[in-house]
Amino acid sequence: MAEDEAKSVEIPKEILAPPDGPREDMNYNVLVCGISMPSLIFPKVAELMKSPNTLLLYPDSEAEDIEAIPQAPGGQPYNLVLLDGTWGQAKGMFLHNEVFSWPKKVKLNHSTKSKFVIRTQPNDMSLSTLESTAVALAALERRPEIVDILSRPLEALCDFQLQHGACKHDSKVYKIENGLWNKTLKKKYLKKFEKDGQTVNSLIDSSNSIEPSS
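Take 1 as the starting number for the sequence shown in UniProt numbering and just add one per residue.
Don't read these hints as lab results, they were simulated from the structure.
With a straight-line cut-off of 25 Å between C-alpha atoms, the simulated BS3-like cross-links for lysine-lysine are:
{"#": "1", "residue 1": "Lys113", "residue 2": "Lys91"}
{"#": "2", "residue 1": "Lys104", "residue 2": "Lys44"}
{"#": "3", "residue 1": "Lys113", "residue 2": "Lys183"}
{"#": "4", "residue 1": "Lys168", "residue 2": "Lys113"}
{"#": "5", "residue 1": "Lys91", "residue 2": "Lys175"}
{"#": "6", "residue 1": "Lys50", "residue 2": "Lys107"}
With these hints in hand, go ahead and build the complete structure from the sequences.
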């Protein structure tokens, strides 16, 4: 998407409505922007990022557990921001856009295994953007049923793909630990797995191919 192709896509209120039904004063919107978002070109994005009620879902060392975030003060809803793309693309967007350093960062604390089974995830706790959104909203809204509601379309998509020739994928960590990874693995990548509780020795011993860091 080009930088000037920013638009707002509305989510039907009935999908994320409270148990007593949607309220007219609630606005469920997703702001879709390009990869690069200079504050001068996208002033509305900059304004959103400066809001004290804005939360950015990004699991760095400063991120707080989203389960520990209290209800928004004054009854105002939180603005939840997610970076959609591959893991590498999301990291690139975060590092190359100053606006993403402004809001409070939050991270997920979950035991949910991804249902996006037709794609290889980095590890067993990695979730797709849709699943991350569902878990985050469930935590903020104190409504665990949101996870199942928002995950159903993804499950249907995967089931359809599996019925037409797609195969289930295990995570990259699982494949490495069980000797199923048949691609070259750089040592610098092993450090990422250590953060998930994996040891370098166990990963090296079970991997078929290790390439020195460049």
